[in-house]
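So the protein sequences, as listed, match chains V and S. For the first sequence, the positions run 1 to 111 when my numbering is used. For the second sequence, the positions run 1 to 113 when my numbering is used.
Please note that a few of the clues may not be correct.
[Unchecked claim] EDC-like, lysine to aspartate or glutamate: derived pairs with alpha carbons at most 20 Å apart:
#, chain 1, residue 1, chain 2, residue 2
1, V, Lys-42, S, Glu-101
2, V, Lys-42, V, Asp-82
3, S, Lys-70, S, Glu-24
4, V, Lys-2, S, Asp-38
5, V, Lys-98, S, Asp-30
What the hints contain is simulated information worked out from the structure, not anything from laboratory work. Computed from a predicted model, the values in this text were never measured in an experiment.
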Amino acid sequence: RKEVEQDPGPFNVPEGATVAFNCTYSNSASQSFFWYRQDCRKEPKLLMSVYSSGNEDGRFTAQLNRASQYISLLIRDSKLSDSATYLCVVEAWGSNYKLTFGKGTLLTVNP
Amino acid sequence: DGGITQSPKYLFRKEGQNVTLSCEQNLNHDAMYWYRQDPGQGLRLIYYSQIVNDFQKGDIAEGYSVSREKKESFPLTVTSAQKNPTAFYLCASSGRYGTGELFFGEGSRLTVL
Numbered sequence: 001r002k003e004v005e006q007d008p009g010p011f012n013v014p015e016g017a018t019v020a021f022n023c024t025y026s027n028s029a030s031q032s033f034f035w036y037r038q039d040c041r042k043e044p045k046l047l048m049s050v051y052s053s054g055n056e057d058g059r060f061t062a063q064l065n066r067a068s069q070y071i072s073l074l075i076r077d078s079k080l081s082d083s084a085t086y087l088c089v090v091e092a093w094g095s096n097y098k099l100t101f102g103k104g105t106l107l108t109v110n111p
Numbered sequence: 001d002g003g004i005t006q007s008p009k010y011l012f013r014k015e016g017q018n019v020t021l022s023c024e025q026n027l028n029h030d031a032m033y034w035y036r037q038d039p040g041q042g043l044r045l046i047y048y049s050q051i052v053n054d055f056q057k058g059d060i061a062e063g064y065s066v067s068r069e070k071k072e073s074f075p076l077t078v079t080s081a082q083k084n085p086t087a088f089y090l091c092a093s094s095g096r097y098g099t100g101e102l103f104f105g106e107g108s109r110l111t112v113l
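Whole structure, please, built from the sequences with the hints as guidance.
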């Protein structure tokens with residue numbers, strides 16, 4: 001099982017749609033979780049951290065299920081500008097705080 | 001403006017040549033990292049450094065070397081020993097090791113001809 005596995009995508013959705021990305025991780029010692037966004041041929045940027053209680057930032061909601069080792073990102077009312085690759089990132093304290101990146105899921109929002 | 005500067009943005013080299021990618025940050029961050037990204041792949045850690053004059057191998061360090069003589073600088077050398085050097089290289093820094101928030105440079109695209 002890969003350390004961090006994401007929906008392979010790509011996702012093509014119309015503007016205004018709700019889209020959900022899923023991510024699973026294999027290392028039960030993982031302690032911190034993040035979603036990064038990467039635009040085409042650009043560097044990744046932190047979108048949001050994922051907390052055990054779940055967290056919301058505007059149209060974006062992140063959830064964590066430690067028992068199932070599963071993370072999700074929900075985007076509501078998607079905009080054209082949300083088109084990007086979304087990277088699931090996991091940090092395991094036992095491994096010198098190493099961040100492990102998923103391969104990413106490409107989202108294209110169409111007009 | 002604070003940030004991370006990578007150079008060059010695009011680089012072509014012939015097989016058998018070493019090449020050095022520059023990474024400079026003015027964020028006063030202690031930790032710096034080098035990642036490699038291939039098409040359709042996640043970022044893979046090459047080397048990281050928590051403090052000046054110290055660095056550690058990541059998952060794919062073979063064929064690469066780094067130095068950390070100054071807090072602001074973390075250059076990466078891609079040596080001729082690296083079998084598949086064509087890739088997108090990303091340098092990053094974080095203010096506190098283990099925070100999960102990495103600040104990335106714009107990347108360097110290396111193509112071996």
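Looking back at the hints listed earlier, which ones does the structure fail to meet? none
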